[in-house]
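Chemist: The lines below spell out each chain.
Number of protein chains: 2
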Amino acid sequence: MSNEQHTIKTPAHRNVEDERFDEEARDLTRSLPASRKVYIEGSRPDIQVPMREITLTDTPTGGFGLENGEKNPPFYVYDTSGVYTDPSVDIDLTKGLPKLREKWIEERGDTEVLDGLSSNYGQERARDIKTANIRFAHIDKPRRAKAGKNVTQMHYARQGIITPEMEYIAIRETQKQHELTDMRQHAGESFGANTPKIITPEFVRDEVAAGRAIIPNNINHPESEPMIIGRNFLVKINANIGNSALGSSIDEEVSKMTWATRWGADTIMDLSTGKNIHETREWIIRNSPVPIGTVPIYQALEKVDGVAEDLTWEIFRDTLIEQAEQGVDYFTIHAGVLLRYVPLTAKRLTGIVSRGGSIMAQWCLAHHKESFLYTHFEDICEIMKQYDVAFSLGDGLRPGCLQDANDEAQFGELKTLGELTQVAWKHDVQVMIEGPGHVAMNRIKENMDLQLEMCSEAPFYTLGPLTTDIAPGYDHITSAIGAAMIGWFGTAMLCYVTPKEHLGLPNKKDVKDGIITYKIAAHAADLAKGHPGAQARDNALSKARFEFRWDDQFNLALDPDTAREYHDETLPKDAHKSAHFCSMCGPKFCSMKITQNVREYAAGLPTGVEVTPSSGELSDEVHLIKEVDTELVGQVGEASFEEVQKGMEQMSEKYNSEGRQLYKEV
Amino acid sequence: MSNEQHTIKTPAHRNVEDERFDEEARDLTRSLPASRKVYIEGSRPDIQVPMREITLTDTPTGGFGLENGEKNPPFYVYDTSGVYTDPSVDIDLTKGLPKLREKWIEERGDTEVLDGLSSNYGQERARDIKTANIRFAHIDKPRRAKAGKNVTQMHYARQGIITPEMEYIAIRETQKQHELTDMRQHAGESFGANTPKIITPEFVRDEVAAGRAIIPNNINHPESEPMIIGRNFLVKINANIGNSALGSSIDEEVSKMTWATRWGADTIMDLSTGKNIHETREWIIRNSPVPIGTVPIYQALEKVDGVAEDLTWEIFRDTLIEQAEQGVDYFTIHAGVLLRYVPLTAKRLTGIVSRGGSIMAQWCLAHHKESFLYTHFEDICEIMKQYDVAFSLGDGLRPGCLQDANDEAQFGELKTLGELTQVAWKHDVQVMIEGPGHVAMNRIKENMDLQLEMCSEAPFYTLGPLTTDIAPGYDHITSAIGAAMIGWFGTAMLCYVTPKEHLGLPNKKDVKDGIITYKIAAHAADLAKGHPGAQARDNALSKARFEFRWDDQFNLALDPDTAREYHDETLPKDAHKSAHFCSMCGPKFCSMKITQNVREYAAGLPTGVEVTPSSGELSDEVHLIKEVDTELVGQVGEASFEEVQKGMEQMSEKYNSEGRQLYKEV
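Protein chains in written order, with numbering that gives the first Met the number 0: chain W, 0 to 665; chain U, 0 to 665.
Heads up, a few of these hints could be off.
[As the list claims (entries may be wrong)] Computed list of lysine to any residue pairs in SDA-like fashion (alpha-carbon distance at most 20 Å, straight line): (1) W:K196 <-> W:Y75; (2) W:K507 <-> U:D567; (3) W:K368 <-> U:G603.
Worth flagging that the hints you see were computed from the coordinates, not collected in a lab.
Assemble the whole structure, with the sequences as input and the hints as a guide.
Modeler: Here's what the structure looks like:
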């Protein structure tokens, strides 16, 4: 299974050599080691929620004290990779993914299929023979809400309707919690987040209705597997891709998208700014199992040859419709960049660093008016609700360095984003709020607290933040520190940063490094929040580590390939993967072996004694006992120090009589 | 200068091909780009404190609004690389580094040079012909305190004596603060740490006398450049090196040490466990500009063929003297692993993971007694004070996974380490305390708070902590998150973790990745604490970024080579390094250019207006004003919204009349 392949049909126009592409295709579709795609059926047969099942080996028998042949049940992990990792599905990039949501959308009877694209630009491109050879071949007619209808998940939620998407998400977020065998987990500090152990469809509906969570899934992107972004759900991550004026082809972007979702990207933003943006986007959406976000102003700017002040509402509006009908699931819209905030950035060290923010600032200065994003905000809502495109209200005035963090321009814009959230909610349009940026650790929480307050708990979606400016080349790390912290404080989705941030365009390795780094930040946040069951994977991997089940340790890791490769650099032989020693210490001495002796020893002590605190020694340390983890205090027995002494002496004799053997034969 | 080379003589026994070694030697001694080694003289000519001077280019003239030809003064950074980056010094690894502290030690007149090594093992090895070919050729006779004398820096400090080492450190920690031109920095949250803007020798003396900081410098390691570890100084990092039973040669370890200090390691721990530990250590110490730490129990264990229960106080004592006379600056000693704590680890998921801790646990169980490290602790202090070796009291019961964090075994041991700290201080022996390990973010602060309380503010020295267990292969990142946070809370030194942690032995790349990642964590902590001047480097780099001074941006980075390399992947041409656009956006559009337009615009507004808040809009938002950064509120003018409107209209006309040019010619 773990090496099973399946064919992958590729775009005719691909500009890469077959061999490289075929190898890449294998990379993109190979099952992860010891992993199998499984689906959990919901209340109806067409609700099939994917998960990755990781098969674990049994605990070894013989040899060491605790090696008892115990069966270790398979472990299930949240899976964003779509059917690319399902060997039973043949991938045809030229046709796109199966449309799993199509039936649900039709059933609701509130949408209609249009005769054709309704944006001028979309029609223009469809007629353009120059792009025919790179165009996606099977473009469906777009779907739109019937006149007067509102097709957003928020609208349904507020009507009390539980959609199949909501049920799908409930199953997905629950992650087979109830089947976990190792439920050990420490209490977290959630800062007001509140996640039930089992996520019900009703809980999902209620969170969406309240605006605390969004389900980005445009009715024109039926290929997407429903997912949710909200403080009371698993912390999500986004990966940015997109070609630029400096190159990168459609193939590369589609492959980056697939690569990113393989490693755990929950959503993808297509930030293309080069040529053929429209065609590139079509290819990405048709083949993407996760929601796609864009920044429409980027494309609008291309349409006016990069002259910001030439932008108009009409051009922007047509761009929104063009992209909504392709199936973009959320739009970053910098409607909070108001004329009065622009001069507040003048004394900054790095001014305005958001592209969208500076485009709008430029427009505001030139026309000396509030931007059309702000003045036409309700018109934008009218478009969004006909396709169920969610807002990602952009932080156009986010700080570009530590010095500019948390300033008036940034917080002034945030307040306006909070006001616009209320307007969007009036239309039942889903909203999340974008956040910084570059912020020192001690000033991160202020961002989260203000966002929750000003934006009425709409989901926060932050870029990092970077906690120092001095490490270009390592900004995936400078930002992961801030991302983990703000995720803990309540951010719902973390936008990844790659090692190339500030320096260049990320390649495939950079994308993977960014993804894994952000999966770490998101999971560290889930753990600190006390998200139910979050620690189960840590426990399973640690148990495998302790029992020298090397392969299980690799297979449970966020990146099994790298873990295995690093291990093999030091201990190449397969035999070593079942070796009872760590590659650090070598065969002669290993602390874990000794720990097993300690366990045998303690196991022989009088019942209840093994975790006795050092009696008189500690009992007078009120402050210590007070500090000690309650779960552990719960296990403390009542034996006296004398009893412990006695038990220990017995064990000492037994231990010595058995020849004080440090290493027993396997 | 930046490519200047100097010769480097190499060990005769080296087991690598000349070519590779010579290339490596160049790697190890090449000056960093645009950097020059400078020395600041203290109150006497033989106090010469090294710093790295980074030359910056001028702000460009013409073209953009704020490009005014401004001179950007050179930037000075703390430099741990020793004379390896000083082209005026020829390196001879076979002779070792210059002994810069020798005269200071002699002057004090409280030490004597012995006739020879006083440890049995040291003498044995000196006589061993089998190791003659790999032995360091110029071993000096060891130095020891005269009978009844105490030669620790803490002892001097408590006598009110300011040593040259203390003055050296005061200059080094001050980092030319008073010469900084950009003093902009946000207030930090120090959690009780208290660092003056200018560090005086008296402040250093007082911190050492109080035990809040240590100066690890054995009188037998006069080559080391004095440095300090304490909560009220810059956060430091340690890099572990050392060969193991699985290989790695002396050359490789010496080169790893040099490589680690080149990138910023403040101390090095030699954790060698393989053969020739003694000889390897000699080579490392003689050539190390930073303090060297060891875990003597590792070597003691080798002496009893890995059978922990065969360890004796006599063997351990001889090992301490052997290593003290070689010049080891601090010893990790796991004296807190008491018999009564061992059973507390039995119910753990991963038991005891510290090698030293498990060795001692094994010994305790076998003998059913408290360990000789505990029962002979005062004897150990007597040895330490004759050479000025500092204690690093080991956390032998640190958690090996999140589940085991903050438990009774860990905190019980911590309490004992606090008691031992008092004993060591009674002898004026310097002490730092080792800490975990694996801890979820929400449980990190408890570790710091308890350590400060139980150990009377002795410096804390932590490994990470790792904030999740699920990313083997990326544990430099899982741990950097925890390291940055605990550094912020008050940890004085962070022990690095490499990507190979749990998997294998780090190679040169892993060492560098670990170092840079930990420099990031330490600096992020300094920033969050509000360490005086910490933000200056961030500001200088951000200013260079904003002004498109690409080379300055690279040269100010923690890793200039990688930053430049990543940039060149996208924009290879040198021309691009002076290009007025970022590699992300390309030549057509750049947000920073627009920001410059905004500045020109704001600059033309009526005085005091440019940073006016949006008057009525914000003034009723008491909570916002309340939250806003005080530095910035300080700049807010009083102009009314009408005045702003008027000013803006004028500017709008001016802007348009000038042809609304987005890009002016350079």
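Chemist: With reference to the structure, classify each hint as holding or not holding.
Modeler: Each hint, compared with the structure:
no., hint, result
1, W:K196 <-> W:Y75, "holds, 16 Å"
2, W:K507 <-> U:D567, "holds, 17 Å"
3, W:K368 <-> U:G603, "holds, 18 Å"
Comparing the model with each numbered hint stated earlier shows that all of them hold.
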